[in-house]
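J.: Residues per chain, in single letters:
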Amino acid sequence: MPDTGLSLEDVSFLLVWTAVAIYAAAFIAYTIDLARRGDLAVKAKDAAEQVAAQRVLVGAGGGAIDAVRAEEQAALADLEAPIAARKRYLWARIGTSLTVLGFLFHLGGDVLRGVAAGRVPWANNYEFALTGTLLIVAVYLVVLFRYDLRFLGAFITGLVAAFLGGAAIAFHVDVTPLADPLKSVWLVIHVFVASLATAFLALAFALSVLQLLQDRRERAALEAAEGRQTRGGLRFLRTIPSAEALESLAYRFAIIGFIFWTFTLIAGAIWANDAWGRYWGFDTKEVWTFVIWVLYAGYIHARATRGWRGSRSAWLSIVGFSAVLFNFVIVNMFFKGLHAYSGLS
Amino acid sequence: MSDPLRPADHADSAPDVREGIAQPKLGVVGWLRWGWRQLTSMRTALVLLLLLAIAAIPGSIVPQRSADPNGVSQWKTDNPDLFPVLDGLQLFDVYTSAWFSAIYLLLFLSLIGCVIPRTKHHWQAMKARPPRTPARLSRLDDHAESVVEVADGEDAAAAAVRAVDLAEAQLKKAGYRVERYDRGDTASVSAERGYLRETGNLVFHGALVGVLLSVGIGGGLTYTGQTVIIEGDSFVNSIGLGYTSFNPGRFVDLDGLPPYALTLDRFDVSYVAVGQAGQGQAGDFAANLTIDEPGQQAREGVVRVNHPLELDGDRIYLMGNGYAPTITVRNADGDIVFREDVAFLPQSSTMTSLGVVKVPDGLPEQVGLVGFFYPTAAMQHSGAFTSAYPALLQPLLTLDVYAGDLGIDDGTARNVYALDVAGMEQLTGRSIDVDSIELEPGETADLPNGMGTVTFEDATAGGAPEVVKRYVSLSIHRDVGAPFVLAFAILALAGLLAALFVPRRRLWVKATPDASGSSVHIEYAGLARGEDPAIAAAVADLARIHGESLTGRRAADDTKVD
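So the sequences go chain by chain: W and A.
At position 330 of the first sequence (counting the first as 1) the number is 330 in this note's numbering, and the numbers step up by one without a gap.
At position 505 of the second sequence (counting the first as 1) the number is 1505 in this note's numbering, and the numbers step up by one without a gap.
None of these hints come from the bench; they were simulated from the model.
The beta carbon of each residue, even a glycine, is placed where N, CA and C say it ideally should be.
Just so you know, not all the hints are guaranteed correct.
[What the hints assert, rightly or not] Covered stretches of chain W (in silico footprint by chain A; criterion: 3 or more residues with CB under 8 Å from a CB of chain A, positions within the stretch not fixed): (1) 176 to 182; (2) 247 to 255; (3) 288 to 297; (4) 325 to 337.
[As the list claims (entries may be wrong)] A short, non-exhaustive set of chain A residues, derived as facing chain W with CB atoms under 10 Å: (5) Ser1013; (6) Gly1059; (7) Gly1071; (8) Ser1073; (9) Val1094; (10) Ala1098; (11) Val1209; (12) Gly1210; (13) Val1305; (14) Leu1318; (15) Gly1407; (16) Phe1501.
Turn these sequences into a full structure, and let the hints guide you.
T.: In structure tokens, the structure reads:
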């Protein structure tokens, strides 16, 4: 092979930056999609109303919430529609195609990083970000086969582009040999499963945010039905399912994430018992893993508690994921502890 | 009722009709009962969970005595005014503090109060039969129906029974518990599955109690001890002889420690070569030991990071390593007044190390030496030495000499790694502009004021593998509770999987012959008990499969008749 002056590590880094650029483009496409969906939804509604108006003189009153419910019912059917039967949103298709392309570059970058290092590519902060965001995209793309969650595309690609780009700027370090405590099979298992958990919790977080927005729109529609003046919500919300449907979907992702997180905790304890001589010592990272676990345990209880179902539990999911991000960024960078593997000095 | 018993404010429980109704005055027992109900409610458990999460956070911000004792001392030095306030709030011992303990104990009390009656109830439910088929299945959200023509010459009522027989067999095969409720001409089967969901839920919560008990009880039987062994030296597993520090649990038999001895033959380490990424990074640590146990042949053992040595129920961990220069001090007559391998504490990743020599007797005054050891000495621009690389490429020992009172005569415990210079006069060092003593292995220098000499011995002369000996710090643990904690944690995970992913659902199939007797009206319905995203699909599948096999069989019968 001719010497191009580029090491595998350099090629990996280039691929990662390319992936960031493609994800950013996907983000733009998905955002345009959301804007156009709102537009299309309004036009469809106007058309339907005209038809209705021509047929009968529509009785005035409480139609607003019924209209919202009807939209949501249609959106729920769209959400669960098989791939062939999905709405052909042009910009969403562009967004998804770009996301797949970005994912391939991202995967290439991650694998090459692993090859260059001769080990799994998740042993310092840069690599955690690299693999963690890869898993977020992977989970999103896999879930797309089952549910039409393309309305989350803007969030997912935006989050991943920001995180991956940020990590490439702030966290990037050259490949160095593994520190002794990291030479363990648990590095492969514990860190990978933690990243996987993060991916599912990210999806749950996005759905919980949408749930809150949708809930606001529903309440606004109810108030409008009572003749009060209200502000309309974001228009693309017309094309996504009801707050309740979003909540139950968020919950499904959250419990998968929670199971993985529980496993992460147990695997981490087993590793700590071999590496540090105790399975639990309230090290800063252990504390935050515990805090996150308890927050999501709270979320799961909230889902089953009267008066906490709905928006309150959604807030818990949001707080939980904020803690996950805090644990990854702030705790790794600024907190002192035994989990000092960020590779940053 | 085969529903799981749940706290009154569970989302799936019926709303408490008594709420808002004037209640009779409560007596003491009534109030206790009320308090217990509150404590075991979902809302309380939820609030306690959130409190627990919040209460755990300060322990990650303020250094903890358990995880980072040096951090606590440093914090005290940095914030002398604030320290007593935070200490009073037990913020340096968050996880053993009264407030943190109160939260988790209440949480576990709430949990136990909730789980015990639920377990009793679930036990009965497991033995109970599925509930009676509701009168109007069409009222349920997940519902399907079909009309099946009765074959010529067949009684419609018999066809209905036959259809339900088939459904019963299919449901039974699919793992449902079934019960027939035939009334008059109408045949129906009630089926329920997913008892494992509540079992998993109870197992999960019970296992958490198990984890807590294992930690609590195991802690009393657990000990950890630290020791330092220099190459060629031995450690004897006994409180008086071996340990530099020892933390036993309350019920540990201190005289019953397993009687073994460990000798450090050699400590291995490799460093990333100069010029490569991660230059000087240390790895592949291995403490090669000889293990002696009474009545047994001596054998070899290795302690590595991630691979503790297991010995007589103890686990021996490699926690640190460093250099232990051999230093000899002679008086003016040439008599040896001090000769030891002195363990120096590493101060940097390049193993610039700090050590202290205390010579209480044999010299005109008590003498303390504060030494820096540089395995690869390099001169900085400032003129001070530093170590450029952690291996022994250019070993150098510098010593500052102090004379006076070491402060050890009155029996006060002193840190062997620190010299209290109050009451001592510094005789060499940069700060007083007298050159420090600088020694390479094998060299000897005079002490100031003609007190004598100090020698940095070449350890290979004594048979050591390198010019300077190395030492390891080992941590020796016995944790009786750990295997139980692990077992309960895995049990909890298994329970959690069942509790979250096994759907609890009821299905009903009802067949009613129509008035004319020419067809049978078949209804299918399902009811989710708790989270069950697949209930609609389950009802649809049941209707489809049952319908197909029913008409398929009919078709087969027809062919036979023809």
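J.: Now tell me if each hint is right for this structure.
T.: For each hint, the structure was consulted:
1. 176 to 182: Coverage by chain A holds here, the residue count being 6 at a Cβ distance below 8 Å.
2. 247 to 255: Check passed, 4 qualifying residues.
3. 288 to 297: Since three or more residues must qualify, the claim that chain A covers the stretch 288 to 297 of chain W holds, with 6 doing so at under 8 Å.
4. 325 to 337: Contact hint for the stretch 325 to 337 of chain W vs chain A: holds, 4 residues under 8 Å.
5. Ser1013: At about 8 Å, which falls below the 10 Å cut-off, the nearest Cβ of chain W leaves the hint on Ser1013 (chain A) intact, so it holds.
6. Gly1059: With a minimum Cβ separation of about 5 Å from chain W (threshold 10 Å), the hint on Gly1059 (chain A) holds.
7. Gly1071: OK, holds: Gly1071 (chain A) within 10 Å of chain W, min 7 Å.
8. Ser1073: violated (14 Å)
9. Val1094: With Cβ-Cβ at 8 Å, under 10 Å, it holds.
10. Ala1098: Violated, about 17 Å.
11. Val1209: violated (15 Å)
12. Gly1210: Hint violated; Gly1210 (chain A) Cβ to chain W Cβ min 14 Å, cut 10 Å.
13. Val1305: For Val1305 (chain A), the interface hint holds, since the closest Cβ of chain W sits about 4 Å away, which is under 10 Å.
14. Leu1318: holds (9 Å)
15. Gly1407: violated (32 Å)
16. Phe1501: holds (8 Å)
Against the hints set out earlier in the document, violations occur for numbers 8, 10, 11, 12, 15.
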